[in-house]
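Model the full assembly from the supplied sequences, consistent with the hints where possible.
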Amino acid sequence: MNETPDVTIENQQMRLVVTSDGIARSLVYKPTGTECLIQGKSVPFSTITEPRPYQNEVKLAYPNRRTTFKSNAVRMEGDKLVIGYELIPWEATVSVKIADDYIAFTLEAFTLTEDYGIVMTEPPISEMWFLRLPVRELGHWGDWLNVIWDDEVAVNVLAAGPCANADSEEGEGYRILQAGSDEQVKLTGVTAALITCAKDELLDKIDTVERDYGLPHGVASRRHDLYTASYYWASTVTPASVDEHIKYARMGGFRLMNIYYPAFLDSRGYRLIGNYDVYRREYPNGKADLKAMLTKIKEAGITPGCHFLHSHIGRDSKYVTPAPDHRLNLLKIFTLAEPLSEADTTIHVEQNPIHSTMAGNRRVLKIGTELISYEGYTTTPPYTFHGCVRGIDSTTVNAQPVGYMFGLLDVSEFGATSVYLDQYSGLQDEVADGIADLWDAGFEFIYFDGSEGVNPPFWHHVANAQYRVFSKLKPEPILAEGAAKTHFSWHMLTGGNAFDVFPPEKLKEETLRHPFREAPRMRDNFTRLNFGWLGYWLPSEETIGTQPDQLEFVTSKAAAWDCPVSIQADPAKLAQHPRSSDNFEVFKRWEEVRARKWLSDEQKQMLRDEEQEFILLLDERNDLELVPYDRIMEIAGGSTGVIAFTFERKDALYAVYWHISADAQLELPLKPQDFVVLESMGVEIEAAAGKQGDTAIVPVGKRRYLKSTGPNKDKLTTAFGGARVLDL
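Take the sequence shown: its letters are residues 3 to 730, numbered as in the numbering used here.
Hints in this document: simulated from the structure, not taken from any laboratory.
Because the structure is a prediction, the values reported are computed rather than measured.
Heads up, the beta-carbon is just placed ideally off N, CA and C, and yes, glycines get one too.
Each hint should be verified, as a subset may be incorrect.
What the hints assert, rightly or not - Calculated lysine-lysine pairs in the DSBU-like style (CA-CA distance at most 30 Å, straight line): (1) Lys717 to Lys704; (2) Lys715 to Lys673; (3) Lys201 to Lys61; (4) Lys61 to Lys32; (5) Lys673 to Lys709; (6) Lys188 to Lys249; (7) Lys673 to Lys606; (8) Lys704 to Lys606; (9) Lys293 to Lys99; (10) Lys300 to Lys599.
To be verified - Quick list of simulated restraints, FRET-style, between CB atoms: (11) Asp716 to Glu507: 26 to 32 Å; (12) Val404 to Glu507: 54 to 60 Å; (13) Glu301 to Gly537: 41 to 47 Å; (14) Tyr406 to Thr297: 49 to 55 Å; (15) Lys575 to Pro286: 25 to 31 Å; (16) Met407 to Tyr215: 57 to 63 Å; (17) Asp716 to Glu613: 15 to 21 Å; (18) Met122 to Val404: 57 to 63 Å; (19) Asn287 to Gln353: 48 to 54 Å; (20) Ser583 to Glu613: 28 to 34 Å; (21) Ala222 to Thr347: 28 to 34 Å; (22) Gly537 to Pro286: 28 to 34 Å; (23) Ser542 to Tyr215: 50 to 56 Å.
Shown next as structure tokens:
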């Protein structure tokens, strides 16, 4: 009979019980007595995974394949958990720190309890979970933060550093929240915190963990006044054009301006990424000119941010030509089976090149001082790469001897004009220094684009690459977003991602398909996303262009979830669009909503109706007013030049209408006395009588309103359908 007692670990918030035979038995939220773990399941508290069994007798008796061993013994020695496992002679030592707001577990060491009989002292472990809790379903699952919660209680297993892996496994009626380590990253010295608390206290508890362990301040960023602020995104701003950008940013009520790196660094698409010290010619004084421009933006009441692809290296940058840096990432390693001369166009290798990429412009080998493209390869001996072009990207052709090892270059799948750096090297830190020097000019928030472009394991390197940059930015960014996220990113990325632009005709549909679907999931992670990026299209024969109702739709659905939007803006294009004033008025009103926290919970719920569109008006007293409105589907016999919606307010029927690209007239089959034309609420203009009987002519260009004084909705809709668009 096993007389080892069960292990109980508790603070004021929770009581955790682990049985002496290694099973997670109970996790009670003490203020309410709520049991948080599923009962009747024998879920091991810890597991160890080896690539194959290494202990000799186990290796002989069991298949030599990736094998997971379950905990079967747990005891407490002082402030340390000692965990034993089935079949293998290893014990894990996990220190336990009991704090008021959390309990922290740190994997300290592995101890060999029985000699292997072979020359091996290191633990042959590929993956280890030192904390596994089968938390029952509570209604909400935050997959990024690794939290399960309902209105009463939240259970969170939180990595307290970038090298701890916090993840989960789904079960029937429960989910195993777990924390562990990975031999590709760091096996020991990793920490995770267990938080069990009232749902409304979770962010306070996480904030304590962040401060205790010196983590980025993810909670503080989510409590910043600009947390829900949308941003004006600029790739063309320079000291000469900054006033125009400020004008449009203020026109849209934007409190943030995100500046893409090509605005100040010499760029050819992605091809020069990595040259962080080469400014555009518009900045003759380099950093001093950048700093002066950012100061001007701040003086206008706008907070500037920056946008980089931190894990990319451009194929024309100093890290590639004339000789590629040894710290660029390689996807496969090959060995020369024959010497390579400077003239050879066929490369003989020992390994089978099968599954090497055949994508255009990504077929690149890095051999010594040169990059070599290939046309194809053989997958039966003798193995070769053939049709090779030597010294591409202005690299230096070289000869190498038999036995020389080289690799398949990790060329970015996004355009193939940049490559990914090796996250196991120091190059990411060198890049971080370059970005940090630019940051010092006065940026205050950052977008980590291209974050997915890292080595596996992705759970670590996506966040850690961001962290290697983020930790060098002083002062710490007030906000951050990124193109990819993993668990530890939560402490840096204030609200996850933006989306790439969607064309006008698909914008509403794609908004519902993507950001609108993601928003509740992000809410489950106690955070938000960005409903941008929004593109800006001029009306043409191919497209209706960017129109006020599109922007109203996206930004209203975003506000329903306390999310911002972002607009990719260029003053040259904005100045050409006839409806830019109306478009940016939409932004301005909704940014006022965000800044004032104007929406009630009831209004937010109303806005989440995906079938209903809404308009934010300024009423007769210039106060905000939110009303639903419905599109008139056919206008002027099928004309695509005019857009109109009907809505009701203050017991009256209205229409809002405009022309997508021109100033014209609209002849309606209504009498002038049937309606009132409004430039804005309370500001009337007269309608003219039409040349035909019982018709009226109204101006159609910018957004205006009609207030019906007689016709009902059906009649007003029919009137728009039978209208005629007249040139001025």
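Each hint tested on the structure:
Proposed proximity of Lys717 and Lys704 is supported: the alpha carbons are some 23 Å apart, at most 30 Å. Taking the CA atoms of Lys715 and Lys673, the gap is about 16 Å. The hint holds against a cut of 30 Å. Pair hint Lys201 plus Lys61 does not hold up; C-alpha atoms about 47 Å apart against a cutoff of 30 Å. Pair hint Lys61 plus Lys32 does not hold up; C-alpha atoms about 45 Å apart against a cutoff of 30 Å.
For the given pair, Lys673 sits about 13 Å from Lys709 by alpha-carbon distance, which is consistent with the 30 Å threshold. A C-alpha spacing of about 50 Å is found between Lys188 and Lys249, which places the hinted pair above 30 Å, so the restraint is violated. For the hint linking Lys673 to Lys606, the alpha-carbon distance of about 39 Å lies beyond 30 Å, and the restraint is violated. Our distance criterion of 30 Å between C-alpha atoms is met by Lys704 and Lys606, whose separation comes to about 28 Å.
Only pairs whose Cα atoms come within 30 Å are accepted, and Lys293 paired with Lys99 is rejected, the gap being roughly 45 Å. Distance check on the hinted pair: Lys300 and Lys599 sit about 23 Å apart at the alpha-carbon level, within 30 Å; holds. Roughly 27 Å separates the CB atoms of Asp716 and Glu507, a value that falls within the hinted 26 to 32 Å. Checked against the hint of 54 to 60 Å, the C-beta distance between Val404 and Glu507 comes to roughly 59 Å, which is consistent with it.
Between Glu301 and Gly537 the CB atoms are about 29 Å apart, so this pair departs from the stated range of 41 to 47 Å. Taken as a hint, the range 49 to 55 Å holds for the pair Tyr406 and Thr297, whose Cβ atoms sit roughly 53 Å apart. Distance hint check for Lys575 and Pro286: the Cβ-Cβ separation is about 27 Å, which falls inside the suggested range of 25 to 31 Å. The supplied range of 57 to 63 Å is broken by Met407 and Tyr215, whose beta-carbon atoms lie about 40 Å from each other.
Range check, Asp716 to Glu613: about 20 Å between beta-carbon atoms, so the 15 to 21 Å window is met. For the hinted restraint 57 to 63 Å between Met122 and Val404, the CB-CB distance of approximately 33 Å leaves it violated. For Asn287 and Gln353, the hinted distance range of 48 to 54 Å is satisfied, since their beta carbons lie about 52 Å from each other. A beta carbon spacing of about 29 Å between Ser583 and Glu613 agrees with the range 28 to 34 Å that was offered as a hint.
Hint check: Ala222 to Thr347, Cβ distance near 58 Å, so the stated range 28 to 34 Å is violated. Range check, Gly537 to Pro286: about 32 Å between beta-carbon atoms, so the 28 to 34 Å window is met. Against the hinted window of 50 to 56 Å, the Cβ-Cβ separation of Ser542 and Tyr215 comes to about 54 Å, which satisfies the hint.
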